[in-house]
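Based on these hints, arrange chain B on the given structure of chain A.
Same order as they appear, the protein sequences are chains A and B. So for the first sequence, our numbering puts the first residue at 1; every next one is plus one. So for the second sequence, our numbering puts the first residue at 1; every next one is plus one.
The set of hints was computed from the structure by calculation and includes no laboratory data. C-beta atoms are modelled at their ideal positions from N, C-alpha and C, and glycine is treated no differently. Misleading hints may appear alongside valid ones.
Stated by the list, open to error - Label-pair ranges, simulated between beta-carbon atoms:
| no. | chain 1 | residue 1 | chain 2 | residue 2 | range |
| --- | --- | --- | --- | --- | --- |
| 1 | B | E78 | A | H249 | 55 to 63 Å |
| 2 | A | E49 | B | T86 | 55 to 63 Å |
| 3 | B | E16 | A | P396 | 24 to 32 Å |
| 4 | A | F193 | B | R81 | 31 to 39 Å |
To be verified - Listed next, the stretches of chain B that the computed footprint assigns to chain A, with coverage defined by at least 3 CB atoms under 8 Å from CB atoms of chain A:
| no. | region |
| --- | --- |
| 5 | 51 to 65 |
| 6 | 69 to 77 |
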Amino acid sequence: MLVPAILSSLIFLVTLVLIFSEKMNRSITGIAGGVLMVGVGRIMHFYSEEAALEAIDFNTLGLLLGMMILVAMLEPTGFFEYLAVLAARASKGKPARLFVLLGSITTILSMFLDNVTTVVLIAPVTILISEILGVSPIPYLVTEALLSNTGGVATLVGDPPNVLIGSAAGLSFADFLIYSLPIVMVAWAGALFLLRHLFKDELAKRPRNAKAVMKLNPAETLNHPKTARKILIVLMGAILLFFIHHILHISPSFVALGAAAVALVVVQPDLNEVLKRIEWSVLIFFAALFVMVGGLEASGVLESIVGLFQGASNVQPVLFGVLLIWIVAALSAVVDNVPITIALIPVIRGLGETGMDITPLWWALAFGAGFGGNGTIIGSTANIIVATLSEKTRTPITSKLWVRRGLPVMLTTCAIASILYTILYRWF
Amino acid sequence: MEISKHMKRNVVSIPETATIREAAAVFVKHHIGLLPIVDKHKKLIGVVGLRDLLSLELPDFVNFIADVDYVHDFGAVETTRPPAETLDQSIDILMKPAISVPEDTGLLRVSALMLQHQMHDMPVVSKDGKLVGVASRVDIGVAILSAWSKVE
Chain A
1 MLVPAILSSL IFLVTLVLIF SEKMNRSITG IAGGVLMVGV GRIMHFYSEE
51 AALEAIDFNT LGLLLGMMIL VAMLEPTGFF EYLAVLAARA SKGKPARLFV
101 LLGSITTILS MFLDNVTTVV LIAPVTILIS EILGVSPIPY LVTEALLSNT
151 GGVATLVGDP PNVLIGSAAG LSFADFLIYS LPIVMVAWAG ALFLLRHLFK
201 DELAKRPRNA KAVMKLNPAE TLNHPKTARK ILIVLMGAIL LFFIHHILHI
251 SPSFVALGAA AVALVVVQPD LNEVLKRIEW SVLIFFAALF VMVGGLEASG
301 VLESIVGLFQ GASNVQPVLF GVLLIWIVAA LSAVVDNVPI TIALIPVIRG
351 LGETGMDITP LWWALAFGAG FGGNGTIIGS TANIIVATLS EKTRTPITSK
401 LWVRRGLPVM LTTCAIASIL YTILYRWF
Chain B
1 MEISKHMKRN VVSIPETATI REAAAVFVKH HIGLLPIVDK HKKLIGVVGL
51 RDLLSLELPD FVNFIADVDY VHDFGAVETT RPPAETLDQS IDILMKPAIS
101 VPEDTGLLRV SALMLQHQMH DMPVVSKDGK LVGVASRVDI GVAILSAWSK
151 VE
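Just chain A, with the same shape it has in the complex:
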């Protein structure tokens, strides 16, 4: 099994490096890597097409697709602009208040929607509000990305690593609310407090025109108020079902796809327009990673990593969990957290088969993957989106600035998570 193990690891590592270098689109890299893994696996007799298909977690893909359809329908109604404009008016043009309001809205949205989507929808209005106020948009934009990454850790549907972990570990939406939400709330408050301090100079500047935001009319931002209301009702229904899906014995992906189906039937939008707004490349990226990690598992690589971890886990289980938080966070800061999570899931599952109590480890993985993405400008897709958007403005966000603001947030949130993890360990 040595040659297959070396070849499959090589394919996976080269793919990761290519994704990291951003020389090629990550989904194209993923497709190529996945096909190569299956091809080599067939020649070397360690992996088959059937096994590759089985490796794909359709529960994750279904949940992501369902939520994407709902957001794709909600987006053109102007609902997100509506919320941002409300926040701007409520702030009365005071930067510190606007900072907290926009940060909170972004966090709440990112708990139920994908972080990337949240940021894509809130960032443009944020630029608008700061420009008419006459202040720099940078503190607001950076904070929105960091808080959406942080808030997303709180729920099953908040960010992709949680969707993956929830599906693999059989954790329900309610489990996340019980075990993750409280810790995230403390970490979030710490992050907001720290960011408020890090940006204190920018936020102390008085806006040149504070009155202009009061003339923004929230009602006019809603292009289709009736459609918005219908989709929001369906979304609320879906969130309620998420709370009790484990009692009803239905999967989160069924809830999400079911809600998408109801919304489509009720609103009957131009389907092609909706499908255009869905991030197919993300879904393809996930599927490709599943196929690749399936190859790693089939060739026995993950088994040896499990063995390696087993040796290390002779240390205190609590310490092992805290170490996992920091290792995963460090990896997630430099590489996309999705491949890290997909690769570590079978490893943790393998540890479980050796008799170890792995429930706390799932939470450690979720905290590390979620909070780690804050550290650098490339740490999470939300960061990349905000940075790319700001590059098209007069005030671009540099990667140096990101490290100065994001890294302290990453360290603080991971530290808070580690402390609470240690205290609450018995509870997990």
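Same frame as chain A, now just chain B:
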């Protein structure tokens, strides 16, 4: 009907060494929408439009927000001017490659080109590439319509 009979011949132009501030002054003085940029031999090398200059002052958000109807007051942006270092830069950073036509081009062809490229003014050049005139959409449109009165 050839374009040369329907264009303005007293064209203002600037050299590419001019600054953005100087170009803006020419727009203001002559009340024009398009400014051709020429070399020492009066050969047309590019154009800069009123719109290109205005983009220096337009806020960033108009590029991201499809519908700015709900923004009733542009607030601080209304009183923001481009910084002096931008205005003192050479005009060539805003220069666009010129789309132009020779003097003997037919009016309908010019009209179609302007529609396709969303132009308001068309520079006209001689055989050796020298700028000889500019025709506006109105100049060309009116010239085409004037023939309709003779239709029996």
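Each hint, compared with the structure:
no.	hint	verdict
1	E78/B to H249/A: 55 to 63 Å	holds, 59 Å
2	E49/A to T86/B: 55 to 63 Å	holds, 58 Å
3	E16/B to P396/A: 24 to 32 Å	holds, 28 Å
4	F193/A to R81/B: 31 to 39 Å	holds, 37 Å
5	51 to 65	holds (count 6)
6	69 to 77	holds (count 9)
Consistency note: the structure conflicts with none of the earlier hints.
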